[in-house]
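There are 2 protein chains.
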Amino acid sequence: MRAVVVNQPGGPEQLQFQDFPLPKLQIGDLLVKVKASAINRSDIIAREGQSNYLATPILGIEVSGEVVEVASGTNIEVGTRVMGLVNGGGYAEYVVMPADRAMKIPENLSFEEAAAIPEVFLTAYQTLFWLGELTDQDTVLIHAGGSGVGTAAIQLAKQMTQAKVITTAGSQDKLDFCRSLGADVCINYKEQSFEEEALIATNNQGVDLILDFIGASYWERNLKSLKTDGRWIMIGILGGSEVNKVNLMELLQKRVQLKATLLTPRSDEYKKELTKEFVQNAMPLFIQNKIKAIVDQVFQFEDIQNAHKHMEANKNLGKIILRVN
Amino acid sequence: MRAVVVNQPGGPEQLQFQDFPLPKLQIGDLLVKVKASAINRSDIIAREGQSNYLATPILGIEVSGEVVEVASGTNIEVGTRVMGLVNGGGYAEYVVMPADRAMKIPENLSFEEAAAIPEVFLTAYQTLFWLGELTDQDTVLIHAGGSGVGTAAIQLAKQMTQAKVITTAGSQDKLDFCRSLGADVCINYKEQSFEEEALIATNNQGVDLILDFIGASYWERNLKSLKTDGRWIMIGILGGSEVNKVNLMELLQKRVQLKATLLTPRSDEYKKELTKEFVQNAMPLFIQNKIKAIVDQVFQFEDIQNAHKHMEANKNLGKIILRVN
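Sequences listed follow chains A and B, in order. Quick note: the first sequence, position 144, residue 143 per numbering that gives the first Met the number 0, numbers continuous. Quick note: the second sequence, position 122, residue 121 per numbering that gives the first Met the number 0, numbers continuous.
Any given hint might turn out to be false.
Since the list gives no way to pick one copy over another, a pair counts as held whenever it fits inside one copy or between any two copies.
Calculated lysine-lysine pairs in the DSSO-like style (CA-CA distance at most 27 Å, straight line) [stated by the list, open to error]: (1) Lys-253 x Lys-275; (2) Lys-103 x Lys-275; (3) Lys-223 x Lys-157; (4) Lys-271 x Lys-253; (5) Lys-314 x Lys-157.
Note that these hints are calculated values from the structure, not bench results.
Can you make the complete structure from the sequences, with help from the hints?
Here it is, written out as structure tokens:
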């Protein structure tokens, strides 16, 4: 089968195709013929050689496709349309998926749409509910509202709670789109001071919850935006990793709860439980068309290098999809 | 009545006695004739003019004493021996205490012992259980093991869970005492590298929970000591407030949960709920002599300046008490 590996750590030009034998199944596994895969920031980090979470040299952590073989210990049938997280190997014609994190694709969703769901919606779900403990009374600040996780988080927060959603993005197009997804307050971070707008929108109280993909460059401003006893969930560092001068007294005085998280390196058990709860609570909303998979652009499998370049240009609104088979 | 106020922000010499009328009660309040009060770090911070949480110019946030008057809305009788947190005013002959955070003093405890309980045990309880979610399977690293909160936390952790307790202190006396309270691993931070010892004691996994009173000077070493998915509760900054260079990628990779907390500025409701749970779960252990109030030294009320100097010298093992009446 054809699959994408990294020649040597570096830019998109280092992505190349290589032939592999079909992956072997273990108890509880499915073999999935991949219809679509999706690009994630963590793929770029892996391509650059900055992480090695994956069990295989083949990149890609989520797919949609058709089950073509099942190992013992599963009750999913051959032919089932599934989507889900994989432990690497998603940029390939076939991939192994643990059956306990395979989600059946609702009939109203295409394979391309389905591939846009697992990573960003599970991340958003984990961040908003498991770590963020979002309630109906809360106001949540979701940065990068036009990103994959951002568009997922806005929808989940608005459809599953009565919380007020404040979001930031860098263009009017993205902000309009965020509003169409339900965001209550949309801030252009290039033209407005998001921390001032967040305070205005919360009667100077600050927000209860921040979803922070940005990191260092927003550190001070996120701290200003946060309410006393607020929760600050860090899930990315698009704005850099290194904060010069952190004042711990400020954290104490606000009684900040800062939780840093990544989904990919977490255990199989964690992903299984997260998937199970997500299917139960959020999947009906996809079936009812209340929540949409947000596809920015579909690239052909052969065009993988351009798909990575597109993500690195930060132009995407929603997910970047690879059509594999 | 006589009470202690701050002349102007500064050192212990700024503490002076002043006459005040008896404080007025509101619905739900008790008037307590103070038998003993205790010194806290937050009193020193208030004395230095760095905080103004208190509703009165009189310092002091915890007392033991006898109820001499009750407002409507309480069911505690005049004459009851009580201990508890007050909203300032504890360095005085009389103080107002909301009845819903008055704890009846067990018969086996003196007023001096009782005054050593509220702030440090409630802080330790909040930190270990409400924020730290300590379980039987956990290993917890408790810094400043000889301090008021340290001695309280060691005892609560060992008496209420099966958790493994690692503690740090700066002298053999303190370490021996921590061991006598139940600490499993006692590290002299002046002679040993606590992060290396914590890793050795956890089979290189790191600890599940850190109680951090130190802040900036231990930042990197606490991060090294912490397990993936570990909880890091910050409750003090004896080692400074300002951390130069925080690497957020390290927080992400360890999926650190950093929770900063202070008890004094929290709401009346919070203190009421915390007190209620503490009385239910921990007070029986005092009655059974399984947990001890740790009194370092008792100062006469008039000797308040020396009591503050003693705390600032970091020589105390347990609580510094003021005998008021």
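**Report entry** Which numbered hints fail
**Finding:** none
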